[in-house]
Amino acid sequence: MLHLTSPAAADSTGPKRRGHKAQLVAASMAVLVAAGCSSSGSGSKGASATTTASGASSSPTSAAAAAGPATLTVDQANSPATLDPGLQYDTDSYVVYRNIFDQLVRRDQKTLEIVPWVASSWTNPTPTTWVFQIRPGITFTNGTPLTGNDVAFSINRILDKTLNSPQYANFSVITGATGTTSSVTITTTAPSPTLLSYLTTLSIVPQQYVTQVGNQQFDLHPIGSGPYELSSWVQGSQVTLKANPTYWGGKPPYQTVDFRTVPTAATRVADVESGAADIALELTPDNATQLKGNSSSQVIAQPTERVAYLGLNVLGSTPTSSLDVRKAIAYGIDYQGLISSLEQGYAQPVKEVLSPNVFGYDASLSGYTYDPTKAKQFLAQSGLGHPTLVFATSPAYPSSLVQAIQAELQAVGFTVTISTTDQATYLKKVQSPAHDWGSIRYGIWSCSCLDADGVIYPLFHTGSIWSSYSNPAFDTAVQAARTSLDSTQRLSDYATALNILQQDLPGIGLWQYYAIDGANKHISWTPGPQETFFIPQIKWVG
Amino acid sequence: MIPAEVAAPLGPAEVPAAVGAEPGRRSYRRVLRWWPLAVLAVAAFAAAFPFVLAPNLPDATDLVGRLKGPGTTVHGTSYLLGTDSLGRDVLSRVIWGTRISMTVAVIAVVAGGVVGSLLGILAGSRRKVLGGVIMRFADMVLSIPFFLLAILVVAILGPSLVNTVIVLATVRWPRYARVAFGQTLEAHSREFVKASVAVGVGPWRLFRRHILPEVLPSLIVVATLEVGLMIIYEAALSFIGLGAQPPTPSWGAMLSEGQQYVSTAWWIATFPGLALFVIVVSVNRLGDLLRDRLDPRQRSPR
Amino acid sequence: MARYIAGRLLQAVVTLLGVVTIIFFLVRLSGDPARLLAPQNATATDIARIRHQLGLDTSLWSQYVHFLSQALRGNFGYSYVQDQPAMHIVLSRFPNTVELAVGALVVALGIGIPAGILSAVYRGRWPERTLMPLILVGQSMPAFWSGILLILVFSVRFHLFPSSGQGGLRALVLPAITLGSLSLATIARMARGSFLEQLDRDYVRTARAKGASGMRVMFGHVLRNALLPVLTITGLEAANLLGGAVLTEVIFAWPGVGQLTVQSVNSRDFPVVQAVVLLAAIVYVAVNLLVDLLYGVVDPRLRLTGAAP
Amino acid sequence: MTSAPPPELSPSPPAGARPEVLVECTEVVKTYQTAASLLGRRSMRAVDGVSFTVTAGSVMGLVGETGSGKSTTGRLVLGLERPTSGRVVFAGQDLASMSGGDLRRLRRQMQPVAQDPYSALNGRMRVSEILAEPFIVHRTVPKAQIRRQTEELVDLVGLPADSLDRYPHEFSGGQRQRIVIARAIALQPRLIVCDEPLSALDVSVQSQIINLLRRLQAEFSLTYLFISHDLGIVRLLCDTVAVMYLGQLMELASRDALFDAPAHPYTRALLASVPVSDPLERRSRARRPLGGEAERDPTTSQGCPFQARCPLAEEECRQRRPEWRQVEPGHFVACHLAGPGHPAA
Amino acid sequence: MSQGVTDDQVPAGQDPVLAVEDLSVCFEAGRQLKALSQVSVTVGRAEIVGVVGESGCGKSLTALSVMGLLPHNATVTGGRVVLEGVDLGSLNGRQRRDLRGRRMSMVFQEPMVALNPLMRAGRQVTEVLSVHSLLSRPARKERTLALFREVGLADPEARYRQYPHQLSGGMRQRVMIAMALAAEPSLLIADEPTTALDPTVQSQILQIFLDIRDRLGTSVLLVTHDMGVIAEVADRVTVMYAGRVVESAPVSEIFHRPAHPYTAGLLASIPARNADRGRAEDLPTIPGRVPALGEITAGCPFAPRCERAQTRCLQEEPGLLAAGPAHLAACWYPLEQDRLPAPARSET
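Residue numbers (my numbering), protein chains in the order written: chain X, 1 to 542; chain B, 1001 to 1302; chain Z, 2001 to 2309; chain L, 3001 to 3345; chain E, 4001 to 4348.
For the record, the hints were derived by calculation from the structure and aren't laboratory data.
Just so it is clear, CB atoms sit at the ideal spot from N, CA and C, and this is done for glycine as well.
Careful: at least some of the hints might be erroneous.
Some chain L residues judged to face chain B by a derived CB distance under 10 Å, without partners named [what the hints assert, rightly or not]:
#, residue
1, G3100
2, L3106
3, R3108
4, D3116
5, R3126
6, P3134
7, H3138
So that you can see chain X by itself, here it is in the shape it has in the complex:
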C-alpha cells in the first residue's frame, strides 16, 4: 500500500516500503509471526462481495485511548516530500498524510478483510463496474461535506497524466470514476481482482478546494477529512498535525503529533531511549537488539507483506544470463544464516519471491536452500570459471546485507563487484530497457495489495520496467490471473507462474521482511502487515 519514489522507497511501482518500518504493537514476536503467517492468502478474496459497514471494524472511536501525552513525537527517516496524496506515496509522506485524509476503504487489522470506511458499502454490478455508497455526514476541515464527487475527483486526478502522479500505475486499470453526492461509480478496462486492494491506498481530497487553490497551494496547505489536520510544516524538518475536533470517527487521542525527520537510525534509537521521541520508525534489526536492552522502550516488530529478494539479470550480457550461474547463486546463499545473524531473527524464510501472507503464495514449492557444494557444481557446470558479478545497489539498501551476500558468493567462487549509485540513478539504471544494470540487485517488494499480482507481475513480466526476464508462458499465466475474479483459478495460475520462476530463477526470494519500529514503553500499537500508520490506532497505556 505504500509507494515510494523517495530514496527510501526502493524499487516499486507497486507500493512497498523500503527499509525498516513497522507498526503494530507487538506484544510478543511469536504471536505476531504466527498471525502473519496465518493470515496469508486472505488478501483480496471476496472482491465481489457486498460488505456493509456495520460489522466491520475498528471504528476510530475505539482508538481514542487512555490519557496519553498531549503530543506524540514520531521520528521518521526522511521528510515527507509532499502532503498531496496524489503526488507521492513514499513511506514518509504516506505515514503523515494518511492521517490528514480519509480512505475510501480500509483493511481490518486482524482479519485483513477489506472493510468499509468512507464507503459504507459497495457493489460490483458487472465485472468492470464498481459502485460505492458514501457514508453521509463526513466533512472536510474547511466545512465542505465529503461527497462521491470528491472521491471521483481524487481518482481522476491521479489518472490525469499531466499531474505526473507516481500512483498512476496502481490505478491504470480504471477507465474513469463518476460521482454523485452519495455514491461513486468506477469502471475498469478489465475485471480487476485487485482493485479494492489498491483503493485502500486512495486518500480523498476535497474537489472544490483543490480546484480553487490549485495543486501547488494544495500541496502546501492540504485539507482533508481525517483525524488530524496540518498545523505546521517546516519543510524537511518537521510536520506537526493537530487533532481534527470535528472528526467523524471520534476524538483523536493526541492533541498534536510531531513527525520529525531523523535520517540516522542510531539517532532515532537514541531519541526513543532518551525519551525525545515516542516512536522511531524504520529501525534495523541491530537497532532492535539495542533497544531491547532499554527498559523504557520497546521494539515493535512485525512481519509484513514485503518480500526481500534478489533480482537476477537474465536478459543482459552478464554471467547471470546463464541458468547455471543463477542456480549457483541460489544455492550459494546462506538464507538461514543471514536471517539469524544480520536480520537477528526478524525475518521468515520464503520459498519464492512472495511473502507467505500474500494471495498466491505457494507453500508447496521446494525453493532453494543453502548448499555451497551444489553452488560450486553449478558454477563449474556453467563453464565460466570465476565470473564477475556486478551487484547493483544504492545507499537506500542495507550495505551490510549486500556485503554479506557478496562475501558468500565469493566464497563459492564468484567475483562480486558492488556498484553503488544514488537511489535515483540506481532506479533509472535498473529500469533501463538495455538491461545493462549489472547482474544482481537486492530489493524488498510489496504491493500493499496482499496479492501476487502486485509482486511477480511487475518484477518479472516481459517489458515491465523492473523485469530483466522474459518468458511467454509466465506472462500468459500472470496476465490471466490479473483479469480474473475467480480466486481458485487465480491460485492455479500463480502456481504455474511460480513454478516457472523456480525453474528460470530470474529472482530469488530471500525472506519475508519484518518492519521494526521502536517506541516508548507506554505505546500500545499493532500495525498490520501493511504497515499502516493510523494515529488513532496508537494507544497510550499505563
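Chains B, Z, L and E: place on chain X using the hints.
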C-alpha cells in the same frame, strides 16, 4: 588573568645575533617534538604493507562472529579490536583503511598542490592579466563552500574512490594557488629577486632558483595541513556514502557503519575514528612544526 | 568610500556570476534531467515533452542564457522532487542552518578568543601548554566522529541534551559544539597569533611606558588591534560553516540546508543542490563584503577622513 | 665628471675630450595607481618630469627626503620600471623601446646596490652561487673558470676567500654589502645605481664601504648614480648632486657649487638641517629649522611643490610650476626666485 | 671605580635626576648572554645626556632597563637604577608603574609603530593623565591641546581628533613627545628619536628637546647612533661598546679630546668630518666589526679591533678610569690628550 608586566619586545638590532645551541639537557625534548614523524612513519608502513600488519583479511566475513567486542576469539581467530556487523576484523580493516586514507589524501594533495601552486606562481609572476584571470577564478571556486562543492561534484561524477581523489584535488587547488600567489608576489618584491632580475636572470631560472625556493616552504606547510584535511574529507564523503564504496575498508565508511552501532558495539566506530584522529593530529602537528621550521613568519603554538 | 563599495559590489557580482556559470556547466555534466523528472513509466514522448518544458531541447548556450536570466530574477529552477521553486525550499531550511551556524560561532568565538588570548599572554607556560594541544585535538576531530561521541555521552548516557532535532537552546548545544570545534581551533590559533604579534608591537611598549597597567594595556590597546585579523577569519569561518554544517546536520538530524543537500544529492534533485551551492556562495561573498566594510568601521586607517600622508 | 641635461650645456669636462653621456633622462614621469583601498583609487606622481644626464665615469648624487621619488628614479634608470612618459636613454638606447630579451642583455651594464644588505641576498644560496649567477646567466665566462672569477670578486671587495662557501646569514651587514657590491660588479657594468647603500650600516662600517666604492670606481671607471638622504656621504662621494623634492628636481649642480652656493631655498634648508659635526659649531649657528614636512597636497598641484614650506614663497610660486633652468654653467634650478637678481641667489 | 662616577660627573651640589649604577643585564637564550656589563650613567637636572654607540652596543637596552621595560628574555643581574633618589629595584611592580609616564617617560624611534594605530592622537596623550589620575577629564584635554601647541603641532584641535596614520612622521613624533611630557616628568628618555625622520624634520625635533630642557628643565637621556645628533644637543656623552661604557665626558671633551681609541675611531670615520679629504684618500675606518654578544672574550672587548692593543688589553678588562676632569675612559692606554685630533673642520 593578565600578568602585570606584559613583556616588551626587542628590536632586531638588539636581539643577540648568535644564539648558541641549547644545552644538551633539552635536546631530547627537541627530538621528542617530532613525534608526529614516528606516528606517520608507522602509518605509512601500514599503508604500504597492510598485509604485513593486519592479522586477517579486511573483507573476510564471519556472520556468526559479528559484533564481537575487542579481544574476542571466534572460530579460532582472535579479534583484538573486535568485529563489525559482518564479523570482519576491525583491526585489519583499520590497518587497510590507512592505505585508503593516506593514498587518497596524498594523491589529492599532490595533484591539487602542484596544479594550484603552478597556477598561483604563474599568476604571481604575470600578475597583470593572466594573474587576474587565474586568481579571480580561484576566488570563485573558493567562494563555494568546499564541502558543498565536493558533494556536488561527486554527485555528478558518481561516488568512487578515484572520483574522491579527483574531487578533492580539483576543488582544493585554489587554496594552494592563493598561497603561492601571495608568496610569489612577496618573493618578487624581495631585493635579491630584483637584484637577480637586474643581473639578467631569465624567467625560468628566476622561478627555479629564486621564486620556487621562496614559495615552497609555505606550500609544504599548507600541503601538510591539507593532508590532514583531505583525510578527514575523504572520510566525510565516505560517511555520507559518496566516497569509497563497500566493502572497501575506508575509515569514513567504517565510521558511517559504526555510527549505527555506537551504543551496542562502540568499537566499530571508535577505532577507525581514533585512527583517523591520531593520523590527523600527527599531520597537523607536523604541519605546525614545519611551519616553525620553514615558515617562521607565521609561528604557531607549540 | 561610495566608490569603493560600488567597486566591491561589482566584484562580488562578478564572482557570483562566475559561480553561477561554474555550477550551471557542472550540473549539465550530470546527465539528462528530463529522465530524472519523468515518472517511472514515462514514454519517450513524455520525456520529450518534459525536455521541452524545461527548455532542454535548445542549445547549451541558449540554455545558459536562459538560466542566467532566470537566476537574475531569483528563479533557480524547480525541485524535481517537490513541486516548488528550488530556492524556496532551500530558503525555508536556511534559518535552521543559520541558527546552527550562529550557535557554532558563539562556541568558536566564546571559547576560541579567550583561549587564544590566554595562550598568547601565558606563552610557554601552563595555560598555553594545556590549551594549544586541546585546540589541536579539536581541529583534528572530524565532526562525524565527535558528534557521535557527544551523542553517546551526553544524550544516551547522561540524558543531558537531546540527541537530535531542533528546538530550543538545549537542542542546539551538541550540534553547535560539534560544528564549532573546527572553527574554534582556527579562531583560537588566529587570536593567539594575532595577540602575540600585537604584544610585540612598539605601541604596547609605549603604553607600558605611560605607566598603564597590564589590564589596561591588554584591553585598552592590544585587544582591539589583535581582534582585527580575527574579524576577517571569523567572517570566513561564518561563511564556511554553511558548508561545514552538512555532516553535523546529518548526524544531529538538524533540519537545515546541509541535510537538505545530502537528501537532494541522493535523489539527484539538482536544482535544489544548485540552489544550495549558490546560496552558500552568496552568503560567502556577502559576508566577506560585510567584513570588509566592517573593517572600515573598526579600523580608522581604512576610513576616508582627511588625507593620509 | 659632471652631468646635466642637454649635454651641450654641461660644463666643460676637465680633460679635453667631450664626456660620454651614459644616462639621459628626459621629462620622465612615473605615475602609480595606489592600490584600491577604502580610500578609492588614486594616482600618484612619484616622479614628475625629471630630466638629467649622468656622464660616464662620474658619480651623480640624488638626494631628497622620504617620498621625493629618488628611489623610483633609480629604478627607472635601471629599467626595472617603465616610465609613464618621458624617455630614459642608456648608452644611446631608449629603455622603453626595448624588448624583454634586449633589456635583459643591457642589464649587464647597469647594476643595483640596494639599501638593505639583509634582503638583497638569497639566503638559500651560498655566496659562490650568488656570485656565479651573473656568469651563468650571461655565459660570459666558461664554466670551469667561474670559480676563479668568483674568488677574484670576493678578493676585490675585501672578503676572505673562504667566504664563498658560506651562506649570507653568516656575515655581518657590512660584509653582506660587500657581497652585494661584488655581485654588482661581476659583469663589469658601466653604471651602478646605489640606493641608500650605507643607511643600514653602522658608522664605522659606512666608511669602509665608502672606501670600497671609491676604490672600485677608480679601478673600473664606473659610473655611480648614488641615491642618499645623507648629505655628508653625498658630499664625500659625488661629483654632481641633484636634489629632489616630491617627485621633482629642485636643483642640480656640481658638488662644490651645490654645497657652497646652493641656489634653491630647499637645498639651503636641507643643508641647514644637517647636524653639526662638532658641538662647538652649534653655538655659533643660529638654528631655525625649516617648518613643516614634505607632503603632497593634491589641491595645489600647479605651483612649486616646495612653496608651502618655502620661506620666500610668492604668489607666482603658488600659481606656476617653476621651469628647470640653468643659472650657472652646469647649475640648474627649478625656482622662480633663484638666479641672478633674485632674492634666493 | 664606578663608585666615584656619580661624584665625578654630576656638578657638585646637585642630586642627579637619574643614576644608573653598575647595571648588568643578561639575556636568557639557552644560556646566559651578558648584554650589559656594569653600565653607569647619570643625568643631572636639566641636562641632556647622550648615549651613543653602534648597533648592539646596549644603548637601547640601558634605556629600557631604566624604564623597566626589558624584554621578557632579559633580566637585570646587577647594579641599580636610582631615579630622583629612589632605587627603582626596591619598588614593586605597581610602584614602578606609577613612576613610568609620570616621573620618567620615553620617546621611541618609530613614531609610526609606537603609537596605537586605532586610537586617536589626543586620547593617546590624555591616557597618560588618566593612568596617573591627573587632572579632571576636561582639563586633560585642555592640557593635551596645550602640549600639542608646545611641541609645535599646528591646529591642535584637529590633531587631537586624528588617528596616527593621518599624521605625518614628524607630527607623530611630536605627539609622542607631547605624550612623554604630559605628566611633566623629570626625566625623558629618547631612544633614537630622529632616526626615522627626514633631515629637515630631524632638526625640528631636536630643537624641541632643547626647548623643553631650557623651558621646563626636563632632563633628557638621549640614545642615538648619530654623532651629529650628539653634537647638536647633548651636554654630556656616554659612549658604549659591546654592552659597556667605554667613555664618558662632556660633549666637547668627547669631540675634541676623546680618550678611548674607539671613540676616536668613530669620530674619525664620520663622513661629514671628512668632507674635505681628497678623493683618492681613504677615509679612516675601524677595522673589523662589532662583536656579537656571544663573541665577547676576556680582556678589553675592543682590543681585537684596536691598533693600540697590548697584551694586557687582551687579558684584562679595563674599568672606567679618569682621563681628565669629569672625563672617564675604559682603556689601559688612553689616547694622550696632546695627541688628540683637532676639531675636524671649522665652519664654512
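How the hints compare with the structure:
This hint holds: G3100(L) has a C-beta 9 Å from the nearest C-beta of chain B, less than the 10 Å allowed. At its closest, the beta carbon of L3106(L) sits 9 Å from a beta carbon of chain B; the interface hint therefore holds under the 10 Å criterion. For R3108(L), the interface hint holds, since its Cβ comes within 10 Å of a Cβ in chain B; the closest pair sits about 6 Å apart. Hint status for D3116(L) relative to chain B: holds, with the closest Cβ pair at about 6 Å, below 10 Å.
The criterion of a C-beta within 10 Å of any C-beta in chain B is not met by R3126(L), whose closest approach is roughly 12 Å, and the hint is violated. Taking 10 Å as the C-beta cut-off, the interface hint given for P3134(L) holds, the closest approach to chain B being about 5 Å. At about 6 Å, the closest approach between the beta carbon of H3138(L) and any beta carbon in chain B falls short of 10 Å, and the interface hint on this residue holds.
This entry does not satisfy hint 5, going by the numbered hints stated previously; all others are met.
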